[in-house]
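Below, each chain spelled out in residue letters.
Protein chains: 2
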Amino acid sequence: MFVAPALQKLLDELERLPGVGPKSAQRIAYWMLNTDRETVVRLADAITEVKDAVRFCSRCFNYAEDDLCEICRSHDRDHGMICVVSEPRDIPPIERTGAFKGVYHVLGGELSPMDGVGPDDLHIAELLRRLSDPSVREVIIATNPNVEGETTAAYLSRQIKSLGVRVTRLASGLPVGGDLEFADEVTLGRAIEARREL
Amino acid sequence: MFVAPALQKLLDELERLPGVGPKSAQRIAYWMLNTDRETVVRLADAITEVKDAVRFCSRCFNYAEDDLCEICRSHDRDHGMICVVSEPRDIPPIERTGAFKGVYHVLGGELSPMDGVGPDDLHIAELLRRLSDPSVREVIIATNPNVEGETTAAYLSRQIKSLGVRVTRLASGLPVGGDLEFADEVTLGRAIEARREL
Numbered sequence: 001m002f003v004a005p006a007l008q009k010l011l012d013e014l015e016r017l018p019g020v021g022p023k024s025a026q027r028i029a030y031w032m033l034n035t036d037r038e039t040v041v042r043l044a045d046a047i048t049e050v051k052d053a054v055r056f057c058s059r060c061f062n063y064a065e066d067d068l069c070e071i072c073r074s075h076d077r078d079h080g081m082i083c084v085v086s087e088p089r090d091i092p093p094i095e096r097t098g099a100f101k102g103v104y105h106v107l108g109g110e111l112s113p114m115d116g117v118g119p120d121d122l123h124i125a126e127l128l129r130r131l132s133d134p135s136v137r138e139v140i141i142a143t144n145p146n147v148e149g150e151t152t153a154a155y156l157s158r159q160i161k162s163l164g165v166r167v168t169r170l171a172s173g174l175p176v177g178g179d180l181e182f183a184d185e186v187t188l189g190r191a192i193e194a195r196r197e198l
Numbered sequence: 001m002f003v004a005p006a007l008q009k010l011l012d013e014l015e016r017l018p019g020v021g022p023k024s025a026q027r028i029a030y031w032m033l034n035t036d037r038e039t040v041v042r043l044a045d046a047i048t049e050v051k052d053a054v055r056f057c058s059r060c061f062n063y064a065e066d067d068l069c070e071i072c073r074s075h076d077r078d079h080g081m082i083c084v085v086s087e088p089r090d091i092p093p094i095e096r097t098g099a100f101k102g103v104y105h106v107l108g109g110e111l112s113p114m115d116g117v118g119p120d121d122l123h124i125a126e127l128l129r130r131l132s133d134p135s136v137r138e139v140i141i142a143t144n145p146n147v148e149g150e151t152t153a154a155y156l157s158r159q160i161k162s163l164g165v166r167v168t169r170l171a172s173g174l175p176v177g178g179d180l181e182f183a184d185e186v187t188l189g190r191a192i193e194a195r196r197e198l
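Chains as they are written, first to last, in full-length UniProt numbering: chain A, 1 to 198; chain B, 1 to 198.
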């Protein structure tokens with residue numbers, strides 16, 4: 001195969017990206033070759049910058065560019081409500097709803113005895129320490145609605161209740177806009193249990 | 001939306017890539033944040049390097065890192081056979097077949113009166129100049145099997161024949177491994193016309 005070596009190197013690196021196979025890598029590489037230098041170098045710089053500038057918030061473990069992330073620094077947020085998520089990537093979808101004005105705490109994973117992930121591998125001690133602040137009124141547990149997420153929620157719930165802080169969990173039920181016909185049994189079961197008055 | 005500014009910038013730049021929407025951009029960005037710095041910077045460097053190192057071969061207009069591309073420089077290729085393609089991206093699939101040992105000529109597009117692309121916009125004059133070398137025995141036209149590609153092939157064929165050089169075109173027919181049932185009429189018609197003795 002005769003491909004310019006710099007192009008081959010780019011193809012190899014692009015194929016490491018999640019969801020990028022040989023065909024997409026080729027499409028992206030040729031786009032880069034055909035696009036003006038400025039646009040392409042801006043992407044390369046943004047990649048390097050993210051690795052240099054982004055670290056973990058010392059309070060909530062979300063991505064941050066300073067010691068504290070923008071949410072922990074904000075005076076417009078309700079610091080008495082803490083939403084606990086597994087990963088930083090779980091924060092943007094919650095932010096997009098506009099339904100939550102509190103702050104977050106990122107665990108950095110979920111309890112998984114099978115994979116050897118125990119309470120000490122997550123930022124649970126740091127969460128409990130935050131709860132010693134008497135202004136914290138409620139913790140909303142927003143771990144994933146799967147086995148690991150539910151296990152983590154149950155564990156956290158016990159720990160937090162013993163501190164006398166209110167603990168809630170995101171509701172399970174039918175996705176809005178979904179078809180009842182295609183709902184799985186567990187989701188539908190939860191939706192029936194959690195039915196509300198009309 | 002609270003996202004670390006460097007992360008937001010990376011997301012914006014990633015979304016410019018072909019085939020990368022907001023979800024894939026987010027998946028790639030979080031992968032970059034969770035991957036060791038060395039791997040990620042290697043990609044950023046490969047991107048910049050490709051823009052700095054890669055230019056067009058002065059003979060065939062394929063991508064090259066020197067004045068001539070690796071194929072034009074090679075002593076293992078048959079320089080008497082020239083395969084004409086529309087774009088550099090058409091070369092790797094032909095190379096992968098292993099069925100062609102000649103050299104290439106990249107037109108840089110296809111004739112398209114609708115889009116205002118005429119013969120002077122493509123590297124046709126340069127191709128005809130290459131054919132003045134008496135060692136050239138055959139030109140294989142491998143433009144795309146669509147309206148623009150066929151128009152370009154017909155145009156080139158007239159020009160090249162007038163120079164007394166043999167011109168051939170890639171065969172059209174059923175894709176190997178395909179289902180006859182799903183073949184379009186034009187392809188099937190060509191396959192019948194070009195049927196061969198068994």
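By construction, these hints were calculated from the structure, which means they are not laboratory data. This one's a predicted model, so the numbers in the text were calculated from it and none came from an experiment. Hints may contain errors.
To be verified - Subject to a maximum C-alpha distance of 30 Å in a straight line, what follows is the list of computed DSS-like cross-link-like pairs (lysine-lysine):
| no. | chain 1 | residue 1 | chain 2 | residue 2 |
| --- | --- | --- | --- | --- |
| 1 | B | LYS161 | A | LYS23 |
| 2 | B | LYS101 | A | LYS23 |
| 3 | A | LYS101 | A | LYS51 |
| 4 | A | LYS51 | B | LYS23 |
| 5 | A | LYS101 | B | LYS9 |
For each hint, the structure was consulted:
1. B/LYS161 to A/LYS23: Outside the cut-off at roughly 36 Å; violated.
2. B/LYS101 to A/LYS23: Given that 30 Å is the threshold and the Cα spacing comes to 24 Å, the pair holds.
3. A/LYS101 to A/LYS51: Between A/LYS101 and A/LYS51 the Cα gap is close to 28 Å, so the pair holds against 30 Å.
4. A/LYS51 to B/LYS23: holds (20 Å)
5. A/LYS101 to B/LYS9: holds (24 Å)
The structure does not agree with numbered hint 1 stated previously, though it agrees with all others.
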